[in-house]
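Quick note, the sequences are listed as chains U and W, same order.
Position 28 of the first sequence, counting from 1, maps to 137 under my numbering, and the rest follow consecutively.
Position 797 of the second sequence, counting from 1, maps to 815 under my numbering, and the rest follow consecutively.
By construction, these hints were calculated from the structure, which means they are not laboratory data.
One should not assume that every hint holds.
A few chain W positions that, by computed beta-carbon distances, are all more than 12 angstroms from chain U [said to hold, decoys possible]:
#: 1; residue: L71
#: 2; residue: A78
#: 3; residue: V381
#: 4; residue: E628
#: 5; residue: R834
Label pairs and their computed distance ranges (CB to CB) [said to hold, decoys possible]:
#: 6; chain 1: U; residue 1: R195; chain 2: W; residue 2: L466; range: 27 to 33 angstroms
#: 7; chain 1: W; residue 1: T70; chain 2: U; residue 2: E154; range: 28 to 34 angstroms
#: 8; chain 1: U; residue 1: A217; chain 2: W; residue 2: P313; range: 48 to 54 angstroms
Beta carbons: idealized from backbone N, C-alpha and C, even for Gly.
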Amino acid sequence: MTTPSNPNDRVELLQGTLDMLILRTLLFGPAHGHQIAKHIRQATEDVLQVEHGSLYPALHRLEKKGWLTANWETPKDRNREFKYYRLTPAGRAQLDIEESKWKQLAQAISRVMWPATTGEEG
Amino acid sequence: MKMFWKKRRESDVDREIQAHLDLEAEEQQQENAGLSQADARAAARRAFGNATLIREDTRAVWRWAAWDSFEQDVRYALRSARKSPAFTAMAVVSLALGIGATTGVFSIFNAVALRPLDVRNPEELVLIQPTFRGNRFPLFHPLFEEMQATQQSLAGMFAVSDEPYFKAAFEQSAPGYVRGSLVTGNYFEVLGLRPALGRLLTPADDEAGSKGCAAVIGYSYWIHQMRGDPGVLGKPVGVRERVCTIVGVAPASFAGHQAGLVLDLWVPMRPLLDPKLLASRSMAFYSGVMGRLKPGISRAQAEVELTAIYQRMQAEEKPSPIPGEPPIKRRDNGITVTPGAQGLDRLRRDLGQPLLIALAVVVVVLLIASVNVASLMLARGAARTTEFATRLALGAGRARLMRQLMVEGLVLAGFGAALGILLAYTGAPALARLVIPADMAIRLETPLDPRVLGMATGSTMLVVLLAGLLPAFRLSAGGSTGLHAGMAIAGRSTGSRSSQRTTRALVAVQLALSLVLVTAAGLLLRTMLHVLRVDPGFQAAQVVLMHIQDTSPSAKFGETDGPDEKARRAALYANLDRKLNSVAGVQSASLSWLGLFGGSYVGLNVHAVENPEGKRFTLVDYVTPRYFETTGMQLTHGRGFGDGDTEGALRVAVVNEAFVRERLAAGSEPVGRRMVMTYANDLRPWTVVGVVRDSKYNNLKEKKSEPMMWVPLAQAPFKVTSASLRVRPGTQTAVIEEARAAMMSVSPHLMVRRVTTLQAQVDQSTARERMLLSLAAGFGGIAILLAAVGLYGILAYAVARRTREIGVRLALGAQRAAVLRSVLREALLLACAGMLLGIPLALASVRVIKSFLFGVTEYDVVAWVGAVVVLAGIALLAAFGPARRAAGVDPVIALRYE
């Protein structure tokens, strides 16, 4: 397991953001918990470190809400079962909601932080 | 199921996290080739974090947090229930009694008055009942037909005439009795029923001149008597004098149109009834009329319309005025339209009120049981003060503590409810037998339907509120005064004063509630004692009563038997009378048209020959010579009937004292007076030859006897309905057998409906009073027992708590007798408080049983003093044990105790 060279570079996830990242990750196809954590870490180049203490409760919370379904499946290259999560249509819709909320938030923040450039971007 | 689901969820999370850890370990090994498997695993665990916590958190996602801590409370409550088994057993048993009794009585009430018929939209059904000056009045068939044809507010209306003893002959069997009903043709249509087999009756079956006659069989009869044979369709069934054809079987879910009525046979009215009877505007034969409201029409609207139709029809009648009453006005007639979802209301009218009283009685028991458990919990709570104080000190919120106490109440109530429902379910049939008079051909089903379970739940909730909330509130309040107080209580056992006060108040409430039941039981007991002391005017003991029916062809409605027929019947009855009188074991036997306590109220207008204007309604019966001897009625004057009083001889009559008193001039000689009974066109007078002592006619509670007249059956051979046999002790069974044989040998048309005794029939007239007495006495006993246990509990506790104080007192020279007295005084004080509370409560409550009292008023001193004495006695008895223990305290041991 690789850790970022400087622990101070790590970013704490904003509340609710993890759900969105999980949903986004599963857009590529079914994955189990370990893969999801790994994907988020690698995609953000080790900036976002997913706490397992948040990941598993989050997965189950999303499953309970009906945004994910889960199945115990054996991958081709292994001989044991993993719990694979899949996006449900409801989860797909939720991802859009979270994404647009996130965009709004990011835009709002960037307008405050970089007022000059926002005009060009907007 | 829930537990299984939970287990699965847990293993799911475990497996998932294990898979993650294994994968992580693998990767660690791949990255770090030198790592041993164990080290890799350890590294994976380190990287993962606190696996146990994560597992917990993940599982917690699936839980409803409130439920979870509730579960904890339940576990805790179960543990504390196990810790004090005596308390738990007592609480559960008393709650089970309360809940069981309430549920049981309610299930009877439900079956009698609440359960709707299993038909299409039962809530649309209504009962249609004519009234005259506010009293129920029969609806005659012609008026029914006209109303049915003209009304607009009902989708249909039908009439029924129930025949509990319906003579029917199915194939290959002798004629027997079934429970039948004559119905109008639209009966099944209006009810909206589908047959189990074949078809149901239709209006076409109910045509006046129809040759055929269709019959529908009850499902239960079909299954049990015909083994569910589908071949019954098309088979003939002899109904009265006609032969009908079975066309179908009624659905299994529908036994009849009234609670408890299980019908075997439905036949249409018109083919089976005399057209003259149907056309009569004075002869009533309906058991009831029902209808189905059209959608959107309210009962009130229907009532207005039907009343208008009925008043118009009655006005066209031009009624003749009733002698001695004001002239009849249009508005004297009316129609009431009442909810009919439960079907005809006969049973409801008969038993509704006593059942409601019974329900009130058991609710009182339930209250007492709940209060009992509440006070037990409080008393036990006092012993748990340390526990509560500690828990409060350790940071438990008061709400949390209250909730836990509530849950303890809930757990006890839950066990009580489970046991109680079991009790109710198994006891309901026995309770139904107690409640339903034996002479009613009623089979009451008492299933645990949603209403009954709702009642059980409701009473359980009441228990939880009383037995859980009250102690919860009290005890947690006591605890919140502070840790040191709680600790002090724990150390010194002075007890929380306020919780003690509450306990005492609860015991007083229990005593008060018991007083209500004990008083009611006392009043009913006094009533029964009075009833037993009533002289009925005859001797009921050792008289066997056979209800018989002469099914030989009789005169058509409105006609009288011809002389030949009369002579034939008179000879037949004389023959039977002779045979019955010669049966071994029979002291004397007689036949009668009606007989005693048969529930009928039949008479004719009678007047003295010289005063044709003085027609007055008089009860009448036709009897064989030894009637008065058999029933034990005493002649005070003149003679009774003899074998010589036959057709052709002098027409004679016997009257009772009331007749002499009210119908003849004071001081005049009754014997020799000639009276006319206005029956048909036969106005030949009857000469009074004897007077009998007054007797009760239908009910021991009758205040005064009505004028009555008897004439010899031989001179007016109406069809008999009862045979009375005064038998020697021990011969009853043999006599009944021989009497049956005698009837069979005399005529194949004589059928025995029912065999009973005159005593049983007399007892039946006070069945409701007996039922209420046994309920009030039984439950009053339970109530007072519970109250006594409660009282004993708090006194025993108080004595235990004061052991040291008593020891000190004794050491200082107090008399043991004084100590004994002080405990007894406390008990009496509580009993007095209970009575102070209970007497006004009881005064208000006994008013509901007023109509059942006889010979006593509701303020009967004996009953009230008796109740008070019983209560005080029980209180002293309960106090005696603790008092003796207090007086027996050894000062040395008591002081060393600290």
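Hints versus structure:
The Cβ of L71(W) does not lie farther than 12 angstroms from every Cβ of chain U; its closest approach is about 7 angstroms, which violates its non-interface assignment. Listed as a non-interface residue, A78(W) fails to keep its Cβ farther than 12 angstroms from every Cβ of chain U; the least gap is roughly 7 angstroms. For V381(W), the shortest C-beta to C-beta distance to chain U comes to about 44 angstroms, beyond the 12 angstroms cut-off, and the non-interface label holds. The Cβ of E628(W) lies farther than 12 angstroms from every Cβ of chain U, with a closest approach of about 99 angstroms, so its non-interface assignment holds.
No Cβ of chain U comes within 12 angstroms of the Cβ of R834(W); the nearest lies about 70 angstroms off, and the non-interface call holds. Judged by the Cβ atoms, the range 27 to 33 angstroms given for R195(U) and L466(W) is violated: they are separated by roughly 45 angstroms. Judged by the Cβ atoms, the range 28 to 34 angstroms given for T70(W) and E154(U) holds: they are separated by roughly 31 angstroms. For the pair A217(U) and P313(W), the beta carbons lie near 59 angstroms from each other, so the given range of 48 to 54 angstroms is not met.
Violation of the numbered hints given earlier is confined to hints 1, 2, 6 and 8; the remaining hints are satisfied by the structure.
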